[in-house]
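Protein chains: 2
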Amino acid sequence: MEKKIKIAVDAMGGDHAPEEIVKGAIEAVKEMNAHVILVGQQQAIEEELKKYSYDNTKLEIVPATEIISTDEVPTVAIRKKKDSSMVVGLNLVKEKKADAFVSAGSTGALLTGALFSVGRIKGVERPVLGTCLPDKHGFTFLMDSGANVDCKAKYLEQFAKMGSVYIENMYDVKNPKVALVNIGAEKEKGNALTKEAYELLEQTDLNFVGNIEPRDIPFGKADVVVCDGFVGNTILKLAEGLSMALLGVIKEEITVGHYKLAAAALKKPFGHIKKRFDADEVGGAPFLGLQSLVVKAHGSSKAKAVKNAIKQCILFTEADIVSKIGDKL
Amino acid sequence: MEKKIKIAVDAMGGDHAPEEIVKGAIEAVKEMNAHVILVGQQQAIEEELKKYSYDNTKLEIVPATEIISTDEVPTVAIRKKKDSSMVVGLNLVKEKKADAFVSAGSTGALLTGALFSVGRIKGVERPVLGTCLPDKHGFTFLMDSGANVDCKAKYLEQFAKMGSVYIENMYDVKNPKVALVNIGAEKEKGNALTKEAYELLEQTDLNFVGNIEPRDIPFGKADVVVCDGFVGNTILKLAEGLSMALLGVIKEEITVGHYKLAAAALKKPFGHIKKRFDADEVGGAPFLGLQSLVVKAHGSSKAKAVKNAIKQCILFTEADIVSKIGDKL
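Listed in order, the protein sequences are those of chains Z and L.
Take this note's numbering: the final residue in the first sequence is number 329, and no numbers are missing along the way.
Take this note's numbering: the final residue in the second sequence is number 329, and no numbers are missing along the way.
Bound-form chain Z, shown alone (with noise of 0.2 Å):
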């Protein structure tokens, strides 16, 4: 018999949290062959099972009473709250009880949590939070994107290997395309730290096709693009920032006036277009390095999007990634 996987679920962070996060649960449970435990507030989240029918051997609660809320200090909110749905679900982790671990929840406090907790992987100098970026083809795999600020050339060319272990492991891409960030494109253009981490991973096994300039990330030259989590996180929030600016923009110009007919009609496509920028259709973020997988979903994310990260949850721990990560290093 095949050893029965089990995620844990916060079932308390997040802006959805607890309905969104149950929900997804229920889809995850109905949807696959996932058995899920629900990290959190008890009679909370009974609450929200009241409203499903669903096979009550694949579901689980752990209950947890506190919650570590977006606004504290990561460091100390780990520290003091040894009873909130996040320390314990990472617990589960850490003691075998769970396979892997996603959270609508902090950041910080997630990241923070997950190193004291989970292992990392032997030869790691740094876990990575790796994202997939919508680009116009699908995505890109962006990493750092947040973890590490301050990064030593060594770190990157390790964020390239696990980048390129994940995507090819996950998304079935073939000697995954892996490029640096750089504002140039010649191997000479940058600063101290890409003009060093150019030299290591040209001599690396990868696929490495060398720097991409941040302007042709959004047309998916790369399959994985690796740079510190400072750069890193700017991209993501930029363009995150950046669409909604933008589709705001288009939305005031064209539903004025007499205008308001034809932008009507464009609804479906504007739809569709939504949906291709969706981060929601990818799941989460993950956290890679460490000896479990840790996913951070959206703070915003609803139900498909916890739906998503337990299905990704699942695929990672079937393909063993840890240890092929292990291997890669």
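Please keep in mind that the hints were generated in silico from the structure rather than gathered at the bench.
Computed from a predicted structure; not experimentally measured.
Derived Cβ-Cβ restraints for the label pairs, each shown as a range: (1) Z/LYS260 - L/GLU252: 21 to 27 Å; (2) L/LYS80 - Z/ASP327: 48 to 54 Å; (3) Z/VAL256 - L/ASP71: 42 to 48 Å; (4) L/ALA44 - Z/LYS189: 29 to 35 Å; (5) Z/ASP83 - L/GLY271: 57 to 63 Å; (6) L/GLU188 - Z/LYS96: 32 to 38 Å; (7) L/LYS275 - Z/ASN56: 57 to 63 Å; (8) Z/THR65 - L/GLY271: 54 to 60 Å.
Looking from chain L toward chain Z, a few residues come up when the C-beta cut is under 10 Å (computed): (9) VAL149; (10) GLY184; (11) GLU188; (12) GLY190; (13) GLU213; (14) GLY220; (15) PHE230; (16) ASN233; (17) THR234; (18) ILE235; (19) LEU238; (20) GLY248; (21) LYS268.
If you want the footprint, here are the derived chain L segments under chain Z, 3+ residues with CB under 8 Å: (22) 135-147; (23) 259-265.
In this text, a Cβ means the ideal position worked out from N, Cα and C, and glycines have one as well.
Mind docking chain L on chain Z? Use the hints.
Relative to chain Z, chain L alone:
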């Protein structure tokens, strides 16, 4: 009698040189009290000038036989091509035969050449490239947008001061809001550089409004945003690429089948949107901290952008921003 302001223009730099550069110069001398010196290959410039009638006391040619292309190594090009339009133009500024210089040629060569030939303002550690980044309500002045890829906190403090003086005097914004680009809103967020820069900025007399997250930049929440040149160039180029990719996707989705008609009806508002995000409207990128203004116009600049860059140089010189920067530092 007022001193006549003379602006030198690189007639050979950019994708549309010399046609559009000459056209822009002609428009400038027609519309404003400008004296323009076109620098470059005499015959080619004269060919273009033949197309127009204009007041020839306001326009002259200074010949230069060579052209620096964008694929040359900047330091080598500047050193070897002594008779290039760029080097000759910069020397006019150095020798006080011109008050400012505009080029749409190689950014690297222009910055390198300007550093060599046009002296720094006393007290300036690193001259900085500012760019007017279009946003929802107008534009945000981004600096450094690419001149200094490795920065100390002290440089960022100076960028903030120079940017504040520039925006206050050029655009009549009283006490401009200055923000530090950072991956979190709170003071303690960021990397080693931003943490130190925050401390310095707090102690200035600037209207420092704290950190700005990249997602908020397109919404125009600050007048001047400060970062190192690697991050700034990343922001600038990603914004360019993402806008192009998004508008491309929109075009793809709405110009097919029965949507075509509705899309055609929206041509006017889309034209207006393009104009709102059109960099040509605001001139070029000023390289600040030197004894005279050097403006980098976009490589794709057409006549309007060139004209606006010349206008920018006149305003800058009239407002004596060089002295004001000196006083501020």
